[in-house]
Amino acid sequence: MVPFGTDETIRRIVAAYSDMLLRLACTRLGSTADAEDAVQEAFLRLLTARPVFRDQEHEKAWLIRTTLQRAGDIRRRAEQRNIPLEDVAEPAAPESPGGELRAAVRALPEMYGAVIHLHYYEGYTIKEIGKLLGLPAATVGTRLARGRERLRQMLREDVV
Amino acid sequence: MNREDYRKAFDELSFSADFQERTADLLQQRARELEKERTEMTFNKTKRIAVLIAACIALLAVSVSAAYMWLTPAQVAEEHNQPLLAEAFQGPDAIAINETVESGDFSITLLGLVSGKNLDVLNQDLEKDHTYSVLALRRLDGTALTNENHSLTQYTMTPLVAGCSPAAVNIWTLEAGCSGMAKDGVYYYLLDTRSIEMFADRTVYMAFYEGFVPNNSIFTVAEDGTIAFAEDFAGVQALFTLPLDPAKADRAAADAFVESTGMNGWTNERSDPEEEWDIERRETEDGEEITLRPKPEGGEALEFATEEELAAYAEAERANLQADLDRGTISRETYDKSIRDLEEALQGVRDGTLAAAILEDGGLFTTTVPTEGVRFEVTQDGVIASNDG
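Those protein sequences? They're chains A and B, same order as listed.
Using the numbering used here, the first residue of the first sequence is number 136, and each one after it goes up by one.
Using the numbering used here, the first residue of the second sequence is number 39, and each one after it goes up by one.
Derived by calculation from the structure, the hints in this document are not laboratory data.
Since this is a predicted model, take the numbers as computed values, not measurements.
Some hints could be false.
[What the hints assert, rightly or not] Footprint (simulated), chain B over chain A, 3 or more residues, beta carbon under 8 Å: (1) 142-150; (2) 171-183; (3) 235-246; (4) 255-263; (5) 283-290.
C-beta atoms are modelled at their ideal positions from N, C-alpha and C, and glycine is treated no differently.
Okay, chain A solo, but in the shape it has when bound (with noise of 0.2 Å):
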């Protein structure tokens, strides 16, 4: 593949991977600028680090994975801070069911928040998570079940 670093393959692979990047980081992080610092960072480490892809999935799982490490390290540091995230993040508290819901995938453990987003939102099946995050097909699917259940009874919860 052509390494990344010349304006030609910046431009594609920023057009390319920005919005799936900036909504993932979203089952981390509340703020859609937290958001956006994590994808960048992401980007500077592709840039800085140079790791070579054997083709577009793997270069795509590297930005996911890397883009998840930074989401969860601005969510601890915010979290050390006492920095109360969802404050910040959605000011007027989630009234609308959109907002409910995303408040709800924020608050899941980090290891289901992302296997429920690639799965409801991307579309991907259980094998293609496992591929792109690097864990076998049974723990996908252990993570998908568990965190839907999860949020179901979040959801639940709430609305009663």
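Given chain A, put chain B in place with the hints provided.
The following block gives chain B in isolation, referenced to the frame of chain A:
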């Protein structure tokens, strides 16, 4: 929740309109800066290597068993435009290892490592210590490795810790970044992870192997926590033990880290996929459709009540509700709603549209009649989980 609701919720998010433009500009600017730094560094490096070659020739004059010459970890850091890291590799905290394992077609040499804070000028993380490790790979048949003929990610270089699951402590959980570069036929890995010094009171390894995420096809963990490659793992492999200073261990931080991964389980037994999946086979016009559904873990399969069992339950429950109402512990509204729910469940089971299970705590769980192969379980944390897609 369904996929449409989920997509709608995340489509509602709006990001900066100029995000892509701004990000592409930032990356292009950074790429140009890096290229400039790389060019300047290449000039300096050429002179430095010339000196090393001269020294090597002098050594050969007195010994015919001179070792293969590698770049030093500091030089590898310089190649990556990391002057602070290069300096650290020459400082008192650096650990030189220089151990070689031959495996498959390769000679694998772990050159050294250093831990510290703020050593990476490109990716400063002010809050965390990092460990940087350098490994050299060369082909035993003398064929030169290049950036074009060697894939960085075909192999994994990762720390592992005895007593901790390889699934819990590895480059993925340690938030690693790995860079590679070929130089004079040798391929160098520069691995950046969160600091592994917190584990220093245990045996800490650096593993290099052909493959991806650590699993029990690649590693085995002995009862005493010792980690080794699985006997039948045939890929390129090397396992080095790191001479870390036990005084730098932080058992509490290490335990907290392992706990935070939520992945400290491990078994050397390779499971039969059929044990982890409910498999449904269905004849179709084209052949056979096979559906795999993950089995929920941790609980007994939920058994649904028969119509008669449910009728008996409803009768007893009506009496309980009436007693609660008489005692004033529930309101009339709650009583009416509970009775309505009971009647709906009974009617649904009678007409075949609902399934109901009586739970251990006396509650009632109802759902639409599950299709074949779908089952429900009460998990260890009391949640009812199903394996449907």
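Okay, the hints, checked on the actual structure:
1. 142-150: holds (count 5)
2. 171-183: holds (count 8)
3. 235-246: holds (count 4)
4. 255-263: holds (count 4)
5. 283-290: Three-residue rule met by the stretch 283-290 of chain A, so holds; n is 7.
When the structure is compared with the earlier hints, no violation turns up for any of them.
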